[in-house]
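Chemist: Sequence:
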Amino acid sequence: MGWRDILRPIRDGLRDNLPSKQPHDNPEKNVRRQQDLLKGFTYFDSFQDIDNWHPDQAYSFQRANTPLLPRSGSTVVKGKSNITLIHDFSGNYHDYENVHGSFVDQPSYSGEYMQSIDAFVYFSHKLVCVPPPSWTNTLHRNGVKALGTFLVEPQSVGISKILHRSLADNQTWEYALATQLTHIARFYGFDGWLINIEKTFPIADWSLQCLQGFLEQLRSSFDDGCVIWYDSLTCKNTINYQNGLTEQNILLAKAAGSILTNYVWTAESAARSKAFALQNGFDPVKVLCGIDVWAQSSEGPGRLRVTYPKEIGGGTGTGLGVAKLAEVGLGSGLFAPAWPYEHFPSQSDSEAVERSMWTGNPLPETLRCSCTVRDRHSIRNYMTEPIFKNAHEYPAGSENFFYTDFKQAFEQFVCSSGTAEKNRAAAGLVSKSVLPRPVLYAGAQKTLFSQVKCNPPRLTLWANIIQGETSTFSVLRLFNLDMPATRDLSMVIKYRKPKTSTRLRVSLRLEGLDVDVPMTSDGCEQTTMTRDIQAVEAGKGRITGLSLCVTGFSEVTETNTLLLAEIMQVCIQPRSGKTRSYSISDVALSEVNETWTSLLWKVNTEGLEDAGSEDDGLPHSDVTGPFDFFVINIDGREIGRGYSLDYLLRDIDDEIYVKLTGVGYDGEVKCVYTGSLRKSQRRSEESWQLV
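For the sequence shown, position 221 matches number 221 in full-length UniProt numbering, and the numbering has no gaps at all.
Note that these hints are calculated values from the structure, not bench results. Note that this is a predicted model, so its numbers are computed, not measured. Among the hints, a few may not be true.
[What the hints assert, rightly or not] Label-pair restraints from in silico Cβ distances:
hint: 1; residue 1: S220; residue 2: A442; range: 21 to 29 Å
hint: 2; residue 1: V452; residue 2: D169; range: 23 to 31 Å
hint: 3; residue 1: A535; residue 2: T75; range: 57 to 65 Å
hint: 4; residue 1: D169; residue 2: L208; range: 35 to 43 Å
hint: 5; residue 1: Q57; residue 2: S166; range: 23 to 31 Å
hint: 6; residue 1: V452; residue 2: D532; range: 25 to 33 Å
[Stated by the list, open to error] Listed next, the in silico BS3-like pairs over lysine-lysine satisfying Cα-Cα at most 25 Å (straight line):
hint: 7; residue 1: K389; residue 2: K80
hint: 8; residue 1: K494; residue 2: K540
hint: 9; residue 1: K602; residue 2: K540
hint: 10; residue 1: K161; residue 2: K80
hint: 11; residue 1: K310; residue 2: K236
hint: 12; residue 1: K161; residue 2: K236
hint: 13; residue 1: K389; residue 2: K494
hint: 14; residue 1: K389; residue 2: K78
hint: 15; residue 1: K499; residue 2: K453
hint: 16; residue 1: K602; residue 2: K578
hint: 17; residue 1: K540; residue 2: K453
hint: 18; residue 1: K80; residue 2: K310
Quick reminder that beta carbons are idealized off the backbone N, C-alpha and C, glycines included.
Construct the complete structure from the given sequences, taking the supplied hints into account.
Modeler: Next comes the structure, spelled out in structure tokens:
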């Protein structure tokens with residue numbers, strides 16, 4: 001221990017006793033906070049903010065409504081590494097994350113490889129960072145745990161409140177801050193916390209036992225692996241990054257249940273971390289070795305950031321670190337996975353680099369960035385060890401339910417203004433659906449491939465057909481699933497199959513059961529097909545995947561790429577004989593300010609008294625019940641989707657006609673409400689009446 005380590009707790013104690021500057025005293029921050037609130041964002045800058053928080057202060061649209069879809073299958077696969085993403089992207093809380101949607105100049109990071117992610121930490125330089133509901137909803141839809149961040153930085157005031165405790169009625173210690181953090185997570189609908197303390201406690205207040213108690217109480221309130229301790233503060237109340245699991249942090253890692261190490265580890269230290277974990281009864285999978293994706297950048301003078309492997313780690317070399325951790329048997333914590341969208345000025349380059357990092361696709365030959373080292377990112381082996389190759393891939397959906405409408409986070413269009421035209425993107429991160437599994441780059445042209453398209457959202461299925469008449473049998477795995485087939489199931493497919501001159505049979509195959517569902521209807525119109533799947537005996541079969549299967553003969557006069565089909569929706573769920581009815585009522589308007597008005601409503605259900613007894617496998621929301629979202633239509637124009645029981649309207653007329661369409665988690669319309677609302681002007685205030 002050096003003299004800095006001895007003096008730091010004394011300095012931090014003095015800082016804690018100084019009068020704190022309240023962030024709300026800053027008018028600019030106040031304005032920004034109010035703007036962020038209306039986008040669905042929630043964060044806290046001080047311990048006082050946390051103490052003062054109450055659920056009544058929040059709008060419904062600040063809460064995530066989609067429950068975490070429970071993944072089936074093993075949580076550990078030998079030779080693969082569980083991936084946790086720590087999403088730090090230019091301070092976060094961006095316009096494109098607005099829960100109501102927004103228009104932006106170009107698409108940005110939206111997490112394209114969800115089935116390879118165990119947990120996603122939303123990180124910002126706030127004391128308490130709550131993931132936006134747009135992120136939590138899309139993560140939960142894909143089975144990914146959403147975690148917030150509790151970050152104590154050197155300038156933070158009031159750190160000793162972490163250790164404050166009182167004796168509860170059952171004679172156990174209760175930590176008020178842990179209780180409040182638990183309430184916050186449950187109310188806003190996310191799954192746990194990354195605890196990152198970058199400041200020592202004042203000597204007079206320090207207690208390792210109390211810090212352990214705080215973490216243990218927090219851990220007991222969440223599922224396994226949903227509280228992560230960051231490798232900064234040690235058990236001796238010093239800031240000393242260990243870059244692994246050691247005696248300096250083992251007690252805090254055990255109290256939390258998981259640990260994210262700093263990023264400067266080596267193959268040897270990773271092996272030591274695993275051995276030390278096993279010696280101390282700590283699951284090695286819960287040791288997440290940090291990989292700094294930014295480390296590959298070399299912008300300007302100054303010391304370069306370092307991560308494994310030294311000199312080429314991070315960036316396009318991120319997969320090399322994941323490969324090593326998969327070999328050792330540890331988890332991976334990828335810091336700043338949105339790096340391509342910050343580092344490369346071109347949107348197409350950003351997307352290409354992200355693909356390269358995850359699936360091994362070659363980098364663009366014209367790749368440009370601000371690095372001072374030429375070809376900095378064309379490192380050796382970047383194509384042979386992408387992240388996806390060594391990441392644990394989870395099945396999509398749950399044991400009882402799978403649904404996708406192939407909706408992406410962005411839809412691009414051309415906006416006309418006078419004589420000028422400009423490319424714009426409609427951001428709908430909150431609506432992003434489950435997308436097909438990625439395919440590792442193989443170099444050779446594939447017989448079958450798929451592309452996700454927008455306007456409208458759909459999956460296009462293609463085949464590369466060779467000249468002449470050839471016999472064809474090809475299979476393309478679209479999704480990995482893990483669904484028992486011991487119950488009668490129903491599969492609904494909405495698709496369009498264009499007419500062709502080929503004699504090809506196109507079908508969706510339920511892998512594991514060897515059941516093919518042919519798409520037989522040719523023409524321009526969308527077709528809805530329902531296929532009942534009979535139950536099998538226990539142990540006789542599971543649905544392990546959903547694949548495109550093409551058989552038959554192709555007759556083309558030249559080599560060609562043929563559009564086989566477009567799929568709009570796929571849903572698989574247990575057949576249910578229950579009859580339920582739903583309705584929307586108590587529609588009202590509440591003025592927020594001169595610009596914004598909140599549209600409010602309630603939902604009513606019949607035959608759904610006990611949500612836990614449902615046999616259709618569908619998710620059920622604490623916020624919106626059986627509804628995934630509501631389509632908002634004002635005066636005959638669709639303006640967006642609401643994922644709560646309120647929606648913000650801007651600059652509305654004195655009288656409006658409202659249509660609300662409630663859509664379930666299976667993509668089916670459950671009910672529709674229509675009605676007019678008239679704004680009545682009074683002397684000093686405005687009121688709204690249903691007419």
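Chemist: So, for every hint listed, does it hold in this structure?
Modeler: Here is how each hint holds up against the structure:
no.	hint	in the structure
1	S220 / A442: 21 to 29 Å	violated, 46 Å
2	V452 / D169: 23 to 31 Å	violated, 54 Å
3	A535 / T75: 57 to 65 Å	violated, 27 Å
4	D169 / L208: 35 to 43 Å	violated, 26 Å
5	Q57 / S166: 23 to 31 Å	holds, 24 Å
6	V452 / D532: 25 to 33 Å	holds, 28 Å
7	K389 / K80	holds, 8 Å
8	K494 / K540	violated, 29 Å
9	K602 / K540	violated, 44 Å
10	K161 / K80	violated, 40 Å
11	K310 / K236	violated, 29 Å
12	K161 / K236	holds, 18 Å
13	K389 / K494	violated, 32 Å
14	K389 / K78	holds, 13 Å
15	K499 / K453	holds, 20 Å
16	K602 / K578	holds, 23 Å
17	K540 / K453	violated, 37 Å
18	K80 / K310	holds, 22 Å
Violated hints, in rising order: 1, 2, 3, 4, 8, 9, 10, 11, 13 and 17; the structure is consistent with all others.
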